[in-house]
Structure formats: C-alpha cells, structure tokens
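*Asks:* All chains, please: the whole structure from these sequences, using the hints.
Here the protein sequences line up with chains A and B, keeping their order.
Be aware that the first sequence starts at 1, since it is given in my numbering, and climbs by one per residue.
Be aware that the second sequence starts at 1001, since it is given in my numbering, and climbs by one per residue.
Everything labelled a hint here was simulated from the structure, so no lab data went into it.
Treat the hints with care, since some could be wrong.
In the SDA-like style, the derived pairs of lysine to any residue whose C-alpha atoms are separated by at most 20 Å in a straight line are [stated by the list, open to error]:
#  : chain 1 : residue 1 : chain 2 : residue 2
1  : A       : LYS114    : B       : GLY1182
2  : A       : LYS105    : B       : PHE1174
3  : A       : LYS145    : A       : ILE68
4  : A       : LYS89     : B       : THR1252
5  : B       : LYS1178   : A       : GLU106
6  : B       : LYS1311   : A       : HIS94
7  : B       : LYS1178   : A       : PRO92
8  : A       : LYS399    : A       : LYS434
9  : B       : LYS1309   : A       : SER93
10 : A       : LYS89     : B       : PHE1174
11 : A       : LYS105    : B       : SER1193
12 : B       : LYS1310   : A       : LYS262
13 : A       : LYS115    : B       : PHE1174
14 : B       : LYS1309   : A       : GLU119
15 : B       : LYS1310   : A       : ASP266
16 : A       : LYS434    : A       : ILE465
17 : B       : LYS1310   : A       : VAL137
18 : A       : LYS378    : A       : LEU394
19 : B       : LYS1310   : A       : LEU140
20 : B       : LYS1309   : A       : VAL137
21 : A       : LYS262    : A       : PRO325
22 : B       : LYS1178   : A       : GLU119
23 : B       : LYS1309   : A       : VAL269
24 : A       : LYS375    : B       : THR1252
25 : A       : LYS198    : A       : ASP164
26 : A       : LYS105    : B       : GLY1182
27 : A       : LYS78     : A       : GLY65
28 : A       : LYS105    : B       : LEU1176
29 : B       : LYS1310   : A       : HIS94
30 : B       : LYS1311   : A       : SER93
31 : B       : LYS1310   : A       : GLY268
32 : A       : LYS89     : B       : SER1193
33 : A       : LYS379    : A       : LEU394
34 : A       : LYS115    : B       : LYS1309
35 : A       : LYS267    : B       : LYS1309
36 : B       : LYS1310   : A       : LYS378
37 : B       : LYS1309   : B       : GLY1235
38 : A       : LYS267    : B       : LYS1310
If you're wondering where the values come from, they're calculated on a predicted model, not measured in any experiment.
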Amino acid sequence: MTELVSLKGIVKHFPGVLANDNVDFTLRRGEIHALLGENGAGKTTLMNILYGLYRPDSGEIYIEGRRIEISSPRDAIKLGVGMVHQNFKLIPSHTILENIILGLKEVGFIINYKKISEEIRKLAESYGWRINPNAYVWQLTAGEKQQVELLKLLYRDARILILDEPTSVLTLQECRILFQALKRMAREGKGIIFITHKLDEVFAISDRVTVMRKGRVVITKETSKTDMSELAQYMVGRPVLFSIQKERTQPSGEAIIIKNLKAFNDKGVLALKGVDLVVKKNEIVGVIGVTGNGQQELVEVIAGLRKAAEGSILIDGINIANSSPDRIIELGVAYIPPEPLKYSIAPNLTIVDNLFMKAYRYKPYSNGILINWKKIYKKADELIKNFQIISPSLSTKAKSLSGGNLQRLILARELSGLIGDKIPKLIVAAYPTKGLDIGATEFVHKTLIEYSRKGSGILFISEDIEEALMISDRVAVMHDGRIVGIFKPGEVDMEKIGLMMAGVQVVPAI
Amino acid sequence: MSIQWVEQVLQLTVQMGTVYLLASLGEIYAERSGVLNLGLEGMMIMGAATSFIFSIAYGHLPAIFIAAVVGALMGFILSILAVDMKLNQVIVGLALTLLGIGLSGFFTFPEIRKNILLKLNPSLPEEMLLTQQAEKLPEIPIPLFSNIPILGKMLFSHNVLVYFSLIFSILMWFILFKTRIGLTIRSVGENPSMADSLGVNVYMVRRATTIISGAFASLAGAYFFIGFHPFWREGVTAGRGFIALALVILATWSPLRAILGAYLFGGVETFQYRLQLFGLGAQSPYFLAMLPYIMTIITLIIISTESIKKKIGAPASLGIPYSREE
Chain A
1 MTELVSLKGI VKHFPGVLAN DNVDFTLRRG EIHALLGENG AGKTTLMNIL
51 YGLYRPDSGE IYIEGRRIEI SSPRDAIKLG VGMVHQNFKL IPSHTILENI
101 ILGLKEVGFI INYKKISEEI RKLAESYGWR INPNAYVWQL TAGEKQQVEL
151 LKLLYRDARI LILDEPTSVL TLQECRILFQ ALKRMAREGK GIIFITHKLD
201 EVFAISDRVT VMRKGRVVIT KETSKTDMSE LAQYMVGRPV LFSIQKERTQ
251 PSGEAIIIKN LKAFNDKGVL ALKGVDLVVK KNEIVGVIGV TGNGQQELVE
301 VIAGLRKAAE GSILIDGINI ANSSPDRIIE LGVAYIPPEP LKYSIAPNLT
351 IVDNLFMKAY RYKPYSNGIL INWKKIYKKA DELIKNFQII SPSLSTKAKS
401 LSGGNLQRLI LARELSGLIG DKIPKLIVAA YPTKGLDIGA TEFVHKTLIE
451 YSRKGSGILF ISEDIEEALM ISDRVAVMHD GRIVGIFKPG EVDMEKIGLM
501 MAGVQVVPAI
Chain B
1001 MSIQWVEQVL QLTVQMGTVY LLASLGEIYA ERSGVLNLGL EGMMIMGAAT
1051 SFIFSIAYGH LPAIFIAAVV GALMGFILSI LAVDMKLNQV IVGLALTLLG
1101 IGLSGFFTFP EIRKNILLKL NPSLPEEMLL TQQAEKLPEI PIPLFSNIPI
1151 LGKMLFSHNV LVYFSLIFSI LMWFILFKTR IGLTIRSVGE NPSMADSLGV
1201 NVYMVRRATT IISGAFASLA GAYFFIGFHP FWREGVTAGR GFIALALVIL
1251 ATWSPLRAIL GAYLFGGVET FQYRLQLFGL GAQSPYFLAM LPYIMTIITL
1301 IIISTESIKK KIGAPASLGI PYSREE
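*Replies:* Set out below in structure tokens:
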C-alpha cells in the first residue's frame, strides 16, 4: 500500500485546550478516509495542521514517505494538499473562474480568460458537473459552490483532498452528486480525507475510518469491518441508544396558529413568504430544511425579535405578531435561540444572574424595586439539581461553562416556569442540540419530550433530519420561506424528504 | 462667454481634478485590498510640504521623487499600525492625517525653513531661503494635439504630472481587472481568509497597497503645490484628501471612473471660483471650505454601514483587519 500522507505524534495546544494529543494518521492512495468525531474532538485542528494553517507544537508530517515541514497553505498547495473548508471560502462578487485561479502563478501576468474558462469547463465536465466559469458565485446553489471549491483544488492538481464536513449545507440529492464525484476522484488515485460527525456518511462513502475523541485517535478501521453502534461507542466513549422511547400523548387544542406570515431578513429581502403552521398542545413539530431558508427569521418573528410584514401569530386567540418580547414571554412563550453564547447568555455575569435574567422582574423574586436574592438563590439550587448543570458554584461566570451545561442553563431559565410557576404554552427551540455532545443532546431531547407530555406545544428547528424524525410528532419542511410539506415521521421516505428540502412539493403543506 | 473663457475653465477643471485623481488612484488600491487609508489628507499635505522645500533646494524632479518617497514612508507606518498591529483603521488613519498636518506646519516658520534649506543646499541665494513660493512645473503642450480647439487646452496642454495621472489611471485599471496581481488585490479585499487559504500572502498585499496609496497621496500633494498653486501657507491642501476619499466611493473603486469623478469635482470647484469673479455666490467660499468635512462624515457613514456597503459594491472586508488564528 502506498501511503500518501502520514502524520506521526502530532501535538497541538491552544490556550487551555489540548486540541491534538499525540495523533497518528495515515492516508492511502485511492482511498476515501473518514475522520469521525464529535465537535471539538480535534479533527479540524489536525487537518488545519496538514494544510499549514496551524503549526503543530510537535510531531512529524510525511507526504509520500518524505518528511516535510508545512508552514503555510502555500507550502501545502505545492505539495498537492487541498482543503475544502466547512464554510465556503468563496468570493460571491467574483466569477467562478476568478475564484478558482486566485493565487495561481501559472496563469501568467495577464489573465487569459478565454483559455482558462475552457479548461475549467472541461475539468468540470469530466466529473459530470455543468457550470459556466464566467458566472458569478452569488448566483450559485450550495451544491454548485461546493463544486467550485473542489474545482479550485482539482485545477491545482491536488492529490490529497481534505473535505471538512462537506455535506452540512447540501440537500440529499446534492450529497449524492458529491459522493459520486468523490468516488471517481478516488479511483483516479487521489487520497480523500472526509471529516464528519455523521455516522451514516461514514458508511455511505468511506473505505477506512479514523475516530477521534478529545484530541486523541481512538481507532482506525476498515469501514466494512465495523458498524454504527461500534463507531458511536468509540466516538462518545460509552454505548449509545439510537432511538428514544417516546410515549405519544394525544395533542389537544392549538398552542400556536401561524397564518400567512411574511417577514424580511436583515438584507431587506423577503425571507418568510407566507408561512402557515399550527402547533398543538402536547405536540412537537419539527422544522427541517437547508439552513438559511427562513428558519431563523421564523423563530425571531415568533419571539418578537423581528417585525412581521404580514400575517398573524395567534396564541390563545391573541395576535402576538409585532408584540414586544416581554409581552410574548408573559403570554407563555419560551425561546431557546440558536448560538447560545451570542444570543442567550451574558458571558461575564454569573450563573444565577443568567438563570434569572427573565424572572427577576416578577414576583416572588422581586417586589418591583428590590430583588429578593434569598428566594433566587434557593430556587437556583433547585434548578441546578433538576437540570443537572455542573458548575463549581452559583457565582461562577457563565462563560466558563461548557456548551452542554450552557444549554442546560438556558433550558432551566426558559422552561422551569419561573414566571408564575407555570409551564410554557409554547417552546420555540432553534437548533437546541447544535454543537452539543451526545450526552447533552440526549438531555435536551428528553427534556423537550417531557414538556410536551406536560402540555407544552414545541416548535423544534433542526438541521439534523434524523433527530427531527426521532423526536417530533409531525415534521414540517421549510424551503425558500415557505412550509412545503408536513408529515408524520415514518410516512415519508428519505428520498422524498430530500426532494422537499430542495423545494419540490411532495405532500400537502397543511 | 468667449471660447477662451470656456477653454480656460476646462483646462483648470482638469488641473484641479488631477489633485483628486492622483490621491484616489492609490486609495482605490488600498481599499480594494481592504485597507482604508484615512491618512490621505496628512500624506497629501506632507507631499505638498516636501515638494515645496525640495523644489527650492534641488529642483522639480527630485522634489517629486522625494515627495513620493515620503508618502510611501507614511503609508508604511500606516501598514504597520493597520495591517500588522491590526488597529482600528479609522483611528490610525485620522492620527496620520493629524501627524501630517502638524508636521507640515513647521514649514510655515521662515527660520525653520531657512535652516533646513541651508542644510540641504548651502549655495542657495538669500531670497530663496525665505520665499513662500516655489517655481511652478512647466506646461508641456503636446505638439499638434494642443492646437485642437477646446480639447487641446483641456487635455493636451498640461504639466507632466497631469499626463502621468491619466496614463496611470488606465494602467492601474488594467492591472486591477485584467491581471493576476489585480485579482489577488481584489480577492484580499473581499475575503482575506480565502486568499490566505489559497496561498496568497494577505499581509504582504495589504502592506504593498497601503504604501502605494501613501506614495500617490503624497504625489497628489506635490502636484497640487508645485503643479497648481505654488504658494505656501499652513494647511495648504485644505482638506482635499478627504474629498479624494469620497471620490473613491463615487468611482465605485474603479480607476477609470475615478477620472470622470475627479474632473467633476475639479469642475465644480473651478466653476465656483469663476462665478465669484462675476460677483455671484459670495457665500460659496464657506461652502467649499465645509465640503471636505461633510464628505468625510458621509464617507465614514457609508463604509461603516454594512447594508450600504453591500448595495454599492464596496470591498467586503474594507476596514476589517485580518488575523489568521482566532
């Protein structure tokens, strides 16, 4: 076997974190090698080292048996290493061609647009992609942008391709096209490293798999000689259940009725183009779709953070569209925003401060002027216990909590009925498990299900289809600012879900 | 209004506009690569001061050359602060403007001028040591072309720096949009992390364009002084650097459109002065004096408002320092 890449004993510290702890990794010619691990396991750090973006503290890098130093992406590119980053590194206002040839000395001083355009078109066609090299990148779909990213590497004759979670913004159909092209590249003798945290992708595409956990390599194995539960166990460090036992309760009455809701996004473009959606009490409605199709705007309008341009949102018959957030909170809406650190936590305030950031204005924690800290601390102790928040003390700063503990803190604040000791009528949870480890994810799922049994209606936004199917009573698919279909889990197969995410109407939308 | 009058106004329009054109050419390169050089006014006035002193001491060509070097040095200082130290570009830019205006003020004192001039060239006669005036750059009419009615005066009867500015506008446009170097500069200004990932040395590109913008700003100052208005007084450039900043936006970061914009601004200014001769618009000098500061405020609003930036096609990472590791 020829080894294209061999990393030996790579160590990389970041302030306070050991991101890579003595990591060994090999890539063979013609193989697709999945690099699997949870967020923060050190996969991306390791690949950024191979790509020259980071310098390792110690360790050796061999390419085709030769010991080399890579101190910048320029070195890496010269050695035939190319990387597609998790977030597209493209310039929307430039053409495809301009994006591809950036930094290439070989194109000469004066750019010969005609000749290069023809070369790129041919290269793309050889992988079955049809693109116009003179089109602007802002005109492209996510799948096409991904192709441009790959063309950038292929045009440079990269032999070692690193793809960092390449499927996170793609529809299922776009994923399939990508996988076909990758397999073809592997057949041509290129080595491909496929970074992912999704188990099914490992089996869909890879020849070998390396699992990382907490900065270390746990195991490297032929993909055909392992299975999902074994890999999951390596990934998490303990056995994992893949399904949740969910007792279905009969939904009763509407928690929220959204009618023909329209709203603009930050750029002034209509992002919600008439959303109709009902969530009943005791019911979890999952909303899936490719990120950026209006999910964020939808939850913000419900929470009162964004103006509705048209339409109504009824809770108990009251239209809350364009009401202020505190009015909406008082009506019993709990909001778990995406990106807790940005939208939901004051990082330098203590855990208690953050826990009572909503309730401090209400009885019995305040008499209107003074805060009753005694009552607050007593209640806080109880919440810490109930929501299993692990922290040294109540007066620890919130920013020192891990992602999982932060999300538990937010759940405690939003759900525990601090205001009037009632459970929320409606819980809006936007990507509540994004970036969490499996343990914290399980906790979030259980908590949401528990509250749905108690009577809350739950609107659950997720980018993980399997997760949405697992915990929802009904699943709505969002595309281009509309709900394009609603179904019960099990009614519709993955193929059709993928079509809906691409905007094809397969099942009725109400 | 005779034809001579029209010819004269057009000729002055181009001559006035060249100040703005030279300064904006360099600024376009800096901003295209993502660096906002708000030190333009300071670099311009230092160019004027340098050309004043050195043209007396050594003559025109050395003065122009040294002015460009002084501007490049100021650009280099800005690049260390804004590119390498990643400081707020608005603040360090304005600091350099204040530095330039302050330093150039020294040359207003006859004693200081005399001492410097004697060090530079001990053989200078007494009256040259104290003069506030420099010799103007000679006009070089292009044979035949300069005889064309109207156009001849407008385009072909100027000093060397005017021709230089026109040639460089075209050249710099070609480089920016048709060559590899231009693509690199534009990409660094749009998405430096992408350029970095493709092996482009982002810091090097930004340093280079910042130095170029300094050199051109200073050249604009030198042109303004020895090519247009060779009488020294404190604050002689009177905020024209700020107008050039606004011109860059008006030209939507294109060296070719900058030519039109520069002559438009030059025309407005010339016209104001001409009208005053007829006794019209007596209040206009105050309006003109106010213009640079209004332009600066508008410029700052535009480049710090994300939505406006997007609408008018500003380089996406204009004003944002780049650092690789978070």
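*Asks:* Which numbered conditions among the earlier hints are violated in the structure presented, ordered from lowest to highest?
*Replies:* 3, 4, 10, 12, 14, 24, 34, 36, 37
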